[in-house]
Each structure stands twice: as C-alpha cells, then as structure tokens.
Amino acid sequence: MGKLFAVAVVVITLVSVSFFVMHTWWMPAEISTTGAAIDHQLEDTMTGSGLLFLAGQLVLGLFVWQASNKNPARKIKTFPGGANPLVAAAIILVGIEILTLTFVGSKAWAAVNLAPAAADSLHIDVQAEQFAFYFRYAGPDGQFGGLHPDKIDDGSGNYFGLDPANDVAARDDVVVGSLVVPVNRPILLTLHSKDVGHSFYVPVLRIQQDFVPGLEIPVHFTATQTGKFEIVCTQLCGLGHYNMKAYLQVMSETDYEQWLKSQEGQ
Amino acid sequence: MHETSAAHAAHQHTAPTSFIRKYVFSLDHKVIGKQYYGLALLAVFIGMALSWLMRIHLGWPAWPIPLLDKLSAVGAPQGVMTPEYYLSLMTMHGTLMVFFVLTNAPFAAFGNYFLPIQIGAEDMAFPRFNMMSFWTTFVAFLFMMAAFFVSDGPPISGWTAYAPLSAVGGDAGPGLAMGQNLWAISIAFFCIASLLGALNFIATTLDLRTKGMSLARMPLSTWAWFVTAVISLLAFAVLLPACILLILDRTAGTSFFIPAGLVLSDKLQPHSGGSVLLWQHLFWFFGHPEVYIAVLPSIGIVSTILPVFARKPLLGPRAAIGCMMATGFLSYMVWGHHMFVSGMSPFSATLFSVPTLVITIPMTILTLLLICSVYGAKMRFTAASLFCLGFISVFISGGISGFFLAQPSIDIYLHATYFVVAHFHFVMAVASLFGVFAGTYFWFPKMTGRMMNEALGKLHFWLTFIGVYAIFMPMHYLGLAGNVRRYSAFVDDYLIPLIPVHKFITVAALLTGAAQFIFLFNLIWSRFKGPIASENPWEATSLEWSTTSPPPFDNFGGRHMVVYNGPNEYGVENNGTDFVMQTSPEKVSAS
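Just so you know, the protein sequences line up as chains H and C, in that order. If you count by the working numbering, then the first sequence holds residues 1 to 266, one letter each, in order. If you count by the working numbering, then the second sequence holds residues 1 to 591, one letter each, in order.
If you are wondering where the hints come from, they were derived from the structure by calculation, not from laboratory data. There's no promise every hint is true.
Calculated pairs, DSSO-like style, for lysine-lysine (alpha carbon to alpha carbon, straight line, at most 30 Å) [claimed, not checked]:
| no. | chain 1 | residue 1 | chain 2 | residue 2 |
| --- | --- | --- | --- | --- |
| 1 | H | Lys-228 | H | Lys-245 |
| 2 | C | Lys-34 | C | Lys-267 |
| 3 | C | Lys-529 | C | Lys-458 |
| 4 | H | Lys-261 | H | Lys-151 |
| 5 | C | Lys-503 | H | Lys-245 |
| 6 | C | Lys-458 | H | Lys-151 |
| 7 | C | Lys-70 | C | Lys-503 |
| 8 | H | Lys-107 | H | Lys-228 |
| 9 | C | Lys-211 | C | Lys-22 |
| 10 | C | Lys-458 | H | Lys-3 |
| 11 | C | Lys-458 | H | Lys-75 |
| 12 | H | Lys-228 | C | Lys-503 |
| 13 | C | Lys-529 | C | Lys-22 |
| 14 | H | Lys-77 | C | Lys-458 |
| 15 | H | Lys-245 | C | Lys-267 |
| 16 | C | Lys-458 | H | Lys-70 |
| 17 | H | Lys-75 | H | Lys-3 |
| 18 | H | Lys-70 | H | Lys-3 |
This one's a predicted model, so the numbers in the text were calculated from it and none came from an experiment.
Chain C on its own, in the form it takes in the complex:
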C-alpha cells in the first residue's frame, strides 16, 4: 500500500506485477468480475449439460447416453440413468444454476466489474473482502462439484433440500449421506461469500461515488446492483444459519428440522422435537428474495443498455428506481406463497397471496417503462439490443404466469407441476440470462478491448429466443394437464399421453443448448481475434465509456472523474452527436 489522500485511502493501490497477484489472488475488481464471469460460464455449461441429460432421459428413457456410465457406473449402468441419478442431476442442475450462475453472473460478475467504474471509483471499498468473496465462492463450487465423485453421488433432494429428506442422512436414500453434506457445506460457503460481496457493493455505492455522482445520477445498472446487494445481505444472512442447522442435524445429532417418530429404512430415527416447516420457512425467506437477486440486476442492465440502442432516454428512470426498491421490500413478505400446500395455517395463505399479487405492480411498471421506452425510438439492432428486447418479451411471459401461482386456490392445482417450472424458468432463469447476454455483447469491448462478432451474436439471439419459447411455453400446457415435476419417468396413466410433448421439449432443449456454443465460440474467438474496440463504440453515456477499453488498473488512469449529467442523455443535440456523456460539462438541451 502506498500513501494516498485520506479520501481514497481505502481503495487506491498500485498495479501488481506477479502473475499470482495479477490473475489469481487479485484485489482488482475488474479481474474479480472476470473471475466470477468465468466461474458462472463454467457452471452454466455444466448445468446445461445436466439439463440435456435429464431431457434426453425424459423423452427417451431407454436410450443409453454415451459416456454417462463413465461419470457414474452406479448412477447410469450402460448409460441409462437410474431414477435416483436423474434426481441427483436435477438437484445439481438447480443448485448450480440458481447459485453459481443466476446469482453470480448478473450480480457478482458484471456488478464487480462495472459498479465501481460506473460511479467513478478506482476499486471496491474493500478489495480484500472482494478477493475473499470470489475465492470463497470458488471453494463452495469445489465442494458442490465434489458431490459428483463421492460413492453415493450427488444429493437427490432438489435445490430446495426439503427436510427431513435432506436432514436424516443416508437412510432416506442414495446421495443423502456424503453428497448432501457436501451440498450443505457448499451452500454455507456460498452464503458467506455472498454476504462479503453484498457488504462491499453497499459500502462502495454509498462511499466511493466520485464528485457529481449523486444517487440520482447513477445508471440503473448500478442502482440494481445496489438494491440487489441489500436484498442479498438480508437473504443470505438467513440461509447461512439454516444451512448450519441442517449440517448440525446431519452430523451432530440435533433435531432442528426432524420431528419424532420417523421410520426410515425400517429404523426408528433417533430424533425428536424438530419442525419440518421451519426449514421451509427459513429456506423460502431466502428463496423468494433470491428470485429478485437473480432478475433485478438484469432489469438494471437492460434498462441501462436499451436507451443506448434506442437513442432516447429511458422512460421514468426515477419510477424504475422506486419500483426496484419496492420489489426488494415486498420480496420479504411473500415467501409463504411457496408453501400453500405445506400444511401451514390456511389463513396465512391469504396473507401471503396479497403481497405476492401486489409485487406484480412494480414489476408491471418496470415492464411498461421498458416497452414504452422503445416507442418512437430509432433503434439500432445489435446482438445486445436484441437481447434487451427479448428480455422484455420473456419477462412478460414469465411474469404473467405469476398471477396464477400467487392465488392459493389455483396454486393448489398447479403447485409442483411443470407450470411452475415454466414460470420460474421464464421469469428468473431465461430473463436473467438474457440480461447477461445483453450485458456480455454490450460490455465485452470494454472488458477485453475487442468487439464481438455481431453476425454470430444475432444468430445466437434468434436461435435462443425461439428456442426458449419452444422449450418453456409447452411446459405451461403440461402443468395444466397436471404433469408433476421432478419425475424421472412418466408411468401414471394420465401422464403417458403427454410424453410426445416432452419429446418435443427435449429436441428444442438440445438445439437451443447447441446454439450456446455459438456464443462460447464468439466469446473465445473475439477475445483474441475480434476487431479492436474504441473507447466508446456504442456511443453510450455512463462512466465506463469515458475510459480506455479495457480500463487501466485504476480505471481512469489517475484522473478523478467529475460527473455533470445523469446517464440518460440520449436523443439530444450535442455538437453533431445525439448524446451527452456523464462526464461532459456541455449543457444539455432537448432536441
């Protein structure tokens, strides 16, 4: 550390020179952002491969899948997976995607890289915390992946790990001994990492804004990361003790989640006094806000990128900020809508239903603001802007089905069917990932100094956009027909006629998944061979576009940026251009 002025003491440091400090244990938020992105990329391809395996099995259960017996000779003898191995893969798919992809990519990866730059800071408030945060996440990832290699395989209790299935150990079935231990330890580490990250995001946003960067002048992406950090801080602070209690139940003989009188594997379990619903309450107290942890950053990213390509200001940015905060606040009052069939008091269902429906108001406003921002635009169609428009479409599709599931009387029919799978994949997974894709095509030039290939990007968009509808829209129909989720095969009389729909979905999933390799190729190829990017290739206003591509170690090359404008100055007359940078002292005049 070198001596610096008091105001910047917290974050100013010189560029490291050793390989380890530069690329591995780096304190630089940009490197850490890329590390998170790389980890999310690895996790998303593993998660996608798992979904392929599941989909093939659901469509054609008897088909041997090449090499699957190499991954687990017990789980997939001759390449045909057992029912329990299907559940193992499903658990790992959900866990990897929710935690290591949807939490890491839009929030931790892009947030780390761009939040400090967008507010004119030289780094995060606590660079060491930041490094710890990533490496703790990495340790969590190793624990999770280790579950593939223990003798009884990964846990079969789903990403929600409902007790007592998850709590009583190996007597409840395969994967529930060491595999479930590794799962619980991994998630506990993940919680610690997320808490460190959330604290850092909050402190950085509040303390390190450069001169002129009032809260109202922060780009919506930064606002979304900030609100998400606050949600994360409160959500992971509940999941962490829940995981610790689960680990104690599993290893120390406690009974937090296990009542008396359970008989498993013909053995009366030596537990008493625990509550099964306690786990559900704690888990969903985290679990519902987690949905917004996954999707709010993407809403912020899209709200920042869309105006750049629409060449006009976002409609109602202040309303959008208010809606994000309202959503964050309400997200803590709705967890019980996951528990309408759980046996909790039926009176509480109404209490949880109303705020769940009310949360659709800020979400509807956010969606309308995005749609109406397109009105009268002179749209530049790029891979980034197409993914923004795609985001709006899938977010509408996913949000609408929430009306059904928020109502207890309808939810009791649709609960635990593919209707729910369709709902959360659209609104949480696909919407969030569309934000990540838009962010990648938009910020890649800044992060690497090179442009991505637009033609490949657009091809990727079209295949993905049509693909996700082909995969997830039919799942609504399956859910209406009563098709239960988390089944490794459909043996019930009323489910057998639905198998052709599953075959269609499987084909769509394989093709859509294959299209993601176009993205991967583009990412790698452009990193080395893409055309050199200028400082501001998209003619955008926010601070990351006022520095080189990629930015120097201290982000602005020793300059202390001064901000004169909000991030929303598009469609104005300004010396022959139609935008004003946040750092530009020019007077803004509406065109």
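Bound conformation, chain H alone:
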C-alpha cells in the first residue's frame, strides 16, 4: 500500500509539472512595457516553487516507500540531526526565497503601481456599470466635463452623468464602448463605478484593477503592439458578471487620430 502511495504521488507530481513545463495552458503573450518584468517574476517564482514542489512530493514519496518495508528485523530510525537543522534550513531557504521575491518583485510592482504616469499620457475616463464598460475621451477642448450621478441615464446614452446643457467642457466629450488607444503612447485611465464593484482585467497587459464605488482609481500602461484584445470584469458584480466585457483596440498613431476624428464628428 505504501509503495502504491509513493508511485501515485510521483506520477501525480510529474504529470502536474509536465503541463507547467510544456506551457500547454499559459498566459497570452504580453503587450505592455511593464508586462515583461511581471512575466519574468512569474517565471522565477514558477522555477523556485516548482523545485520546492518537486522536492517536497518526491521526498514524501521516497520516505513512504521506505516506510512500507515490512522486514521485521528493521528498526525504526529518526531523521538524522532531528528537528533543529530542519527548522534552520526552512528559515534560511524560505527566507532567501522570500527576500529575493520581495526585492525583485517589488520592482515589477513599483513600475506598474508606484511610478507616476508619464506627463504626456493620454487621459481616458472609464465608467463601469452592471454589465458594461464605457470609455470617455476629452474631445478637442482637452477638458472632461464634470460628473453628475443624478444625470446618469442609460436610456439616452448618458452613462457618465454629463450635463452638456450647463457644462461646456462636457459637450465635446466622446463616449464609446471600446477602449481605443494609440500604440507606444502612455495611457492614463481613471476608473469609476456607477453602481457596484467591478474590475478592469486585461490579461495581455497583465493589469487587473478594481473599480471601487466612491473612489477614482488611476491605472496607467503603454501598449506596445497593435491589435484587438479582451477586457473582462473580474469582480463579482451581479447576474451578468460573466458577460461583462469590452475590447481594447491598440492602433497606430495615425489610425487612432482618424478614429478619434470620426468619433468627434458624430
């Protein structure tokens, strides 16, 4: 029975690890200036903790195999050195792993979350609601109109609660259902929620950030490749949560300018 357990643990471990090693299911290729550092951090963690996983399971399997030896003459043995070296080894090895991960990892975190957005960032306002995302561009005047929750009216397309009758800056704001950005240009998003918590998750950007009702949350990134990518909601927001999505369209600067003009004309 013990040998069977040992074999089962080894087989389960090797099969599990092989899918990680082969990248059978893996992250989509990243397309942002900060994504590579995060991927690197994840790969390092995968290697370090993968080795710990292998070592832990295989040693368990080995000891169980040995412990199933039924030879009556065999005497029990205690682990050489007892508990203290194990405690010391765990503190040192895991401690080193922790220090490394923290120092290396906090750089990747800082690049995304602590570094301020570039001064020339393109500002885009994002409103999340049950169950859609809306994106707002400032328009030719470069000014966003103020937000008035009491003016929100999905029926007439006023998703942000703008007041163009009284607010000049709001009149040329462009509100669309897709996030369209120029490639290689820093983007600064401001996230607001109309109703409950939502989240802005773009796997290819390696960005996930909650919309928190009552807070305005900045997110910045620079996309490095053109294309169409999915934005999905990852904060449980109600019955349509699974279907709350939008697209990120990364365009060349000229295509973007053209697109913006066509929207402003409408």
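Add chain C to chain H, keeping to what the hints say.
For chain C alone, coordinates are given in the frame of chain H:
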C-alpha cells in the same frame, strides 16, 4: 447539579436520562461534538451537491438537470440554471463549506469531543455555553438554508459578500433582498456561536487539565484546537460587528459601506458617506485567519495520528507548537493580500506581502516535520494513515501556489482567476477535509465503539486522493490562461478554448463526489454493523485511549487520570509493546 469538590464543580454532572437532555439539548461535550459532526456532514453533502450542479453547468451549460426546476422554477426553468442562479448556488456552496463544514468539522466537532478527553477533563468548562454554541450554529444553519426558499432565492454576492453589491438591497439584482438578509443574519448567529465555542475551548484547556497534564504534554491536536480557539475569538469578534453594520445598511438606512452617488436599477441610491473598502478590510481581517481556523486543527489532527501509524515519535513537537502559534500571530497581519487589486494604497501592498511570505516559514517547517516523521518509520497503512499522508501531499500542493499569490506583481495577473480557486481549495478545503477524514477513521471506534470498514476506507482514500488532483490541479492551468472565476458561462473569445478543461474537471468532480458516498455508507453501516472496537485498537498513547470505547458520560468512569508522559512515546521498548500511554507510570526508555 450535585455537590462536588470545588476543583471540579464547574463541569461535573450526572448523566441525564430523558431523550431530550441526552440527545438534543445535551450538555455532554461528546454529544455536542457528534451534533457538530452531523451538521457538518449534512452541510458538506449539500455543499458538494451544489458544486456538482455548478460543475455540470460549466461543462455542459445547455443540459437540463433533472429536478433542479423543482428546487427553483425561476432559477432553473426546465432544469437549465440562469446565470444568477449559478451565482446563488456558488454563494451557498462557499458559505456552507467555509462556515458550516471547514470551521465546524475539524474544530468544533472533533475539538468538542476530544479536547476535554485528551486533557483528562470530564467535560468542557462551560457546558451550557457549549450547548448554546451548537444550537446557535444550528439556528444559523436554518437561516442560511431558508435563503433557498424565499422568492428571489439565495444571494448572488459570493461568500465574501462584497459591498455595495451585498449592501444596497434588491436594486443590485436577484437574491440581494431577502436572500442576502438571511445570509447576513445567519453569519451573525454563526459568529456568536463561534465566540462562545472559542471561549469554552480556551477556558477548558487552561483550567481543566488533569494532574500531570502540563501544556507541553498536551497532544498536538489539543494544541491546535487551543490555538485555533484563540484565533477564532479574535476573528469572529470582528466579523460579527461587520455583519451587524451590513444588516443596518440593508435594513435601517445607514451607509457604513455605501458611498454617495450610486445609481442602481436607474435609481440614485439614498446613501452617502460609506466606504466600500471598509467591508473588505473587516471581512478579510476575519477572512484570512479563517483559513487557519480551517486548516490548523487538521494539521494538529494529522500530527497526532501520523506517529500512531508510523510507530515513531513526531519529529520536533515543540517546534510544531511554536509554528502553530507563529502562524496564528502572523495570520492577523496579512489580510491585505486579498486586496492587492482593491485600490488601497499601492505602498501597503508590500507591507502585506512580506508577512504573507513570512507565514510560509512556519508552514514549511510544519510540513517538513511531518514529512521527516515518516522517514525510517514502520508505517501501518490504514485509511487513517493514508489520509494523513494524503494531507501532506495536498498541503504541499496548496501551499506552493501561495508563493505566487503573496506577490502583488504576480497576483494582479492571477487574482480572481481559477489559480486562486485551485490554491484555496487545496490548502484550505481539501487539506482540512483530509484531516477530518483521517480523524474520522481514527476516532470513529472511540466515538461509537465500533470499527469502520478498512477496505472501504482505503477505496475511499484512493478515489478521493486521485480525484482531488484531477479536479484542482488543472485549475492552476486555467488560472494561468487568465480564466476568471465566478463566471456562469465562458463567452469571451480567449476562454472558449478552455472549455474542454472545464469538462474534464466536471467529470472528475462528479466521480470524486460519488466516491464520498462510499464514506457515508461506511459511516452509517459501521455505526451499526462494524466489529466491536477495543479500548485502544490503534495502540495510541493519548488519554482518549485510556477509557472505554465509547467513553462513559464522565469520560473516565469516575477515575481522575494522572499523566506521566508526553503523547509522543512511540518506538520504545515497553513490556513487549512499542509505546507508552500518557497515563502509564512506566519509565520510558528509548529503544
């Protein structure tokens, strides 16, 4: 109450004779332990059935599920569940499992039954509190189950009940009116029950130890229940006021968790001044220690049972105790790692990340002590010992993924994906339940006086051990591919290729779930037909094995036990046996 000596006045009483006092409103910790076990057993099968329904829907969304429309004609017309009903079932699955199974089974059930016996006491310090604790839990359970039968069904806000979804009422969606009220009331009752239980465990451990039972001689299971009680006392004391504030927001027009300017169902909500993150902070201040409330008792149970079958002492029992205490202490500093994407200050992420990583040190030591206790053993392979070994394996698997999620930079990619689902199911749910299974196969003879069927027990182990890996290991791959959790269907372009993996998981979950009926059958059949158990069938040392199976009402038949040894005396020469009971005055000599 009869007159007794002052020292034992708190807990000595005569056996009741009426059915009600004996089996229903019993003050006997053993009966209360079995009541908790029975309630957890009921909850776990309901929770498992809910997971089956969810898994079938995720694999084959269009399949009508027989009889589901009988449970809710609105939630599952013609047996095909709506997206909101999926979320209702998911919320109830998580809530039932975390509270009524993972908190109740390893801690309240086994702790109630065995903590007093393992320290040589005749009952808990406060038997009436104990009875209240169980029946308050039962009331909480009734409130929770009532949510299935109200018109808009159970809440859809998940077991974490994030505000404002959980706080604004029916405007936010189905299940968020009466269903969410019942949820919040149920959890508040559960908190009260847990506080009563925790106080009782602490007082009993500190005050009612028999002669010679120093703290260092307590079995690790008792140590784990004690440390868990301290964690519970501090954790549920925070969740209770959080629930009360949530109930006030929902019913009394307050705005603790609801800011101004929210528009739901085209209505500007009449709230202002609340903080959404306040709920998250309060909830996770409870929620992270809750992980250790679920798993520490199982670590203690496994650390107690493994040496019995390895026939050698546990390696480093004192280090293990220190690690449990360190874990309990650190568990209060890490709640923010659940909130890396919440919009709290990005500087605090590092502050929460470091203690989260540091907590892996005591956990690694505990795991290494268990692994290395197997080294050089003469292992007796029983259902109980197999589940102990299985526990070590799944605990490694679940613990390792914590390295990823503890780091904010990686967590922002993996947060709210199936990677997290895999992580907490392995490390909290499966590990904890493996401890419960090991405890059941080990202590069943003591609790009922009959042995369980070993062949069925081993079959149960193999199907479950392979099954849980088939279910939860692929969820890591899904998470890496960015598969978001809490989705009732996968309609995004990049998720559609992952559906075959979900189908595989569904089949594995159905088979693994079916294997649990072997356990249920074994439990019921052995209760009535199992071979009669001797006093100490496993040749174990701790005090419960120094009394009859099952123990008499006062646990030791009027004897006041005296303890001479620690619980760890295995692999020694002692009159032809290889162990020394804690109650044995024999001198211990190493073999």
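Would you pick out the hints that fail for this structure and give their numbers low to high?
-> 2, 6
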